[in-house]
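All chains should be modelled from the sequences, with the hints used to inform the complete structure.
Numbering (mature numbering (1 follows the signal peptide of the UniProt record, and there is no 0)), first residue to last: -17 to -1, 1 to 390.
Simulated from the structure, these hints should not be mistaken for laboratory data. Any given hint might turn out to be false.
Computed list of lysine-lysine pairs in DSSO-like fashion (alpha-carbon distance at most 30 Å, straight line) [unchecked claim]: (1) 287 with 274; (2) 27 with 81; (3) 322 with 340; (4) 299 with 123; (5) 274 with 172; (6) 81 with 99; (7) 299 with 120; (8) 27 with 172; (9) 299 with 277; (10) 140 with 178; (11) 299 with 199; (12) 79 with 99; (13) 27 with 79.
Ranges between beta-carbon positions, derived for each pair [stated by the list, open to error]: (14) 121 with 319: 21 to 27 Å; (15) 251 with 137: 53 to 59 Å; (16) 121 with 20: 27 to 33 Å.
Even glycine gets a Cβ: it sits at the ideal position worked out from N, Cα and C.
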Amino acid sequence: MWMLWLFLLEFQLKATGLACLLQSGKRVMSELDFAAQVIPRSIKILAVTGTNGKSTVVTFVGQMLNHLGIEAFVGGNLGNPLSEAAFHCIALPSSKPKFQVAVVEVSSYQMEIPNKYFCPTVSVVLNLTPDHLERHKTMKNYALTKCHLFSHMVNTKLGLLPFGNQHLNEAIKGHRFNLAWIGAFPGVKIDTEAKTASFEVPAVGVVSQLQLHNMKVMGRHNYHNAAVAALSVLGLDIGVDVEALNSTIEILRTPPHRMQIVHRDIQGVTWVDDSKATNLEATCTGLMDLKGHKCVILLGGQAKVLNGQESNGFEKLIEPLNHHRCVITFGYSGVLIWKTLVNNGLSIPCFAVANMKDAVNHARRMATNGDAIVLSPGCASFDEFRNFEHRGMVFQELAFFSKHDTK
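See the structure below:
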């Protein structure tokens, strides 16, 4: 029971408290390490981390495997903890494992406690952009923490990293695993115009192609997510080839609150919930995908610390925002975001309101037939909501209220 108490406490510890615990001389085991010690080695672990896109890639991998008849546990920082899979193995030690693969989302906070047993077959760092710097302080620290994922991986294991990220390149110096790149060979190159992804798996060298034409989900960035998911599955070496993976593309669905189309109302306005965009990079990616559409963009909440910069960073969004109908800012940082945008060359109307309900009401008045109202906040949600899921659900309720209210 003491071990259970320790790993349940893991997520409640602030950085200072965790440092004191690690220096106490007592044995500290992370939830991931506990689970990995228990889960049979016959079960392969695929771990995904990064600033943005983790949940989507983990979900895509699970959907691909299950569609191909391969039983997979999907969880970690997304949904059910890996220890749930471990408890199943403890409860039924003599039976055949319920799953062949464990697909795990891993956060940087989970990687702060050193691991001894957690050694995935495939580990992925999707990207690294400023986030959680109130905890990690610098991008160097953030990268080093993310790359703890590779600590015990050897040359029989596969690690995927984004090509050209200086902080990650420094963090993996001296690595011993097979390295593949997101954006270069060996690894995966994605052509969003042609809607294809080309793979070269390390130590194999064969280039094969994934067709992405049949994807049903919104956003070009999801071509990247699907391609990384597919290469990760190939890296597991479980008898799946690209031809089989091609058959899974059209069944892929993103988790909620990620460029999720809520509905189209009787005024001809489409409502889009991108509440998971809790940082600037995620919002910028979503906005770039929406070029060609006229949207009312809702930004706001609690802006994040940007590595000691004086600016809140929202000027980065001005170019993609200028393609849209208008911007409405709200919440704790709403006025500050409004000032940043209007003082740095935003050419479309911008309004600051108190909260998200006011933002939705104002958006309803601004949008016209054929427009979209898009919640892509670029901020944390804790000023007004429990988490980004709660924020997204409230937005959806307000959107549907709008639908019924306008009949």
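### Message
Please list, smallest to largest, the hint numbers that this structure does not respect.
### Response
Those not satisfied: there are none.
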